[in-house]
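Q: Please build the complete structure, drawing on both the sequences and the hints.
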Amino acid sequence: MKFDQIVLGEEEMIAVEPRKIEDLLHGLGREKRTFFIGCSGWKNLCSPGGEAQLQRMKKELELRGITFTGTMVVDALCNKGMDELGLLSHFRQILRADALLAMACEVGVQALSVTSGRMIVPALRTLSVQGFQGILGEKEPCRLCGDCLLDLTGGLCPLYFCPKGLLNGPCQGAYQGRCEVDPKKSCGWELIYERLKAQGRLEALRHYAGPRDHSEVLPLIRLRSSIATEMRSK
Amino acid sequence: MTFQERLQQGRFLISSEVTPPKGTDVSEIIGGLENLKGRVDALTVTDGKSSVMSMTALALGHLLRESGFEPILSVSCRDRNRLALQADLLGAAALGICNILVMTGDYASMGDHPQTKPVFDLDSIQLLRVIQKLAGGQDMEGNALQGVPKFFVGATVSPTPGTTAAMELQLLKMEKKISEGAKFFQTQPVFDLKAFERFMKRVAGFGVPILASVLPLKSASMARFLNKNMPGVFVPEEFIEEMGKASDRVKAGVGICTRIVQELKGLCRGVHFIPAGWERKVPAILDGVRL
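Sequence lines, in order, name chains A and B.
So the mapping is simple: our numbering equals the position in the first sequence, first residue as 1, plus 3.
Reminder that position 158 of the second sequence reads as 143 in our numbering, one-by-one numbering, no gaps.
To be clear, the hints were calculated from the coordinates, so they are not data collected in a lab.
Since this is a predicted model, take the numbers as computed values, not measurements.
Any given hint could be a false lead.
[Said to hold, decoys possible] In the PhoX-like style, the derived pairs of lysine-lysine whose C-alpha atoms are separated by at most 20 Å in a straight line are:
{"hint": "1", "chain 1": "B", "residue 1": "Lys118", "chain 2": "B", "residue 2": "Lys135"}
{"hint": "2", "chain 1": "B", "residue 1": "Lys7", "chain 2": "B", "residue 2": "Lys34"}
{"hint": "3", "chain 1": "A", "residue 1": "Lys62", "chain 2": "A", "residue 2": "Lys35"}
{"hint": "4", "chain 1": "A", "residue 1": "Lys188", "chain 2": "B", "residue 2": "Lys213"}
{"hint": "5", "chain 1": "B", "residue 1": "Lys179", "chain 2": "B", "residue 2": "Lys250"}
{"hint": "6", "chain 1": "B", "residue 1": "Lys213", "chain 2": "A", "residue 2": "Lys187"}
A: Encoded structure:
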């Protein structure tokens, strides 16, 4: 089966699907070695894949020239405790890797970014979290834009941390590092800068992020129509 | 000769900011600009400045052009999605307005319609790329245009944004803006000339002209207000003291501004006045500068 035909839990509450392989290759491109982390998800809540899907995706990426130092599957990547245990048990392989590829929803990607302090490339895009917005931890929020940039922003989502949702760097409104919209909060782009600096990856800030595809934003037409069909049949 | 030609010739340029009225009567605004004729190279028309609703910059830009001024049209990303931005840019070009100043825009909650939906469909970098594409004869989706617009595009930068991270980010974003087609830059108001000089040294290699904004001080309390509330603006204590002690505050404000412009003349390629109601004082400031 082809990479982009891998079907993940569209019927679950958290809907995810593989990102475009070109985006993954771009994200991993300048990195030489990758450690691949899968997430088996939570029953009835999400289905981001497991060992079988991970191996299929790995094979496809290996054909495109990506090398892996190892793989592991964690039960719930959004649980930082689980991440830490997993990271410890594979630390040699992880240390040899230049980037971590995470096959999980964006909440899991952000949690892993915090626990590992490494560059994380999301393998999936999160499309919908029906009825579950916000419960997975307020510090790792996903705005479900379907167009994940977390690999370029050190695992901090600019759509959440910047009220203007700027994708290419900050405005000029921050005052002493504080956001112009809410001075109680830090400028999201300054947080992204510090995170990337700690990872030695400031060059990621030179990337041009294109306009977002709002046709993919919630509610997805196909998800909405399936909900509507269900309601009619009841 | 156009603003673009003058900039390319390497002359020291003067522009001044104009904010459209809340309403339809432009006579007072245009009348107040009469004494700037022949003294400024261009007038930058603001686009919903500070998120306060006012007449569209496009209309005032057109009226200024008819009155013999060369407008620079500010285009902010706050109020329009990609369709509306492209539509207005085509409209501007059709009316003969080709100078565009691209900016993100203040957040909506800061103005007089705080409950509005902020758009930010494109950011300033993406908008710059869209403008390049329009000038190449296509809309951003690649559809052919009937009649190709000509633009001369600038952007904004904050030379003293406060923190080290903010400074580095400003420089990175400035480089991105240049590679997406920005041909000149306007800054936040400059008072701290030493800090501005350090900024100019860092961007010397970028090869784009910079117009530093200057804001005439009206009182010591205005200076303190700016220091407390305006991002990236620092009025040194010596200016605040001078304003506080002055018996004639207008004279002191004009004097300080004149000295700042004189200093800037040696540092950058032009100044951009933000007169904030003191349009009539701009000629007096210019009279004091050896241009």
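Q: Evaluate each hint against the coordinates.
A: Cross-check of the supplied hints:
1. Pair hint Lys118 (chain B) plus Lys135 (chain B) holds up; C-alpha atoms about 11 Å apart against a cutoff of 20 Å.
2. Of the supplied pair hints, the one linking Lys7 (chain B) and Lys34 (chain B) holds, its CA atoms being roughly 11 Å apart against a limit of 20 Å.
3. About 16 Å separates the Cα atoms of Lys62 (chain A) and Lys35 (chain A), which keeps this hinted pair within 20 Å; it holds.
4. Annotation: proposed proximity of Lys188 (chain A) to Lys213 (chain B) holds, straight-line Cα distance about 17 Å (limit 20 Å).
5. For the proposed pair Lys179 (chain B) and Lys250 (chain B), the alpha carbon gap of about 14 Å is at most 20 Å, so the pair holds.
6. Between the alpha carbons of Lys213 (chain B) and Lys187 (chain A) the distance comes to roughly 15 Å, so the proposed pair stays at or under 20 Å and holds.
Taken one by one, the earlier hints all hold for this structure without exception.
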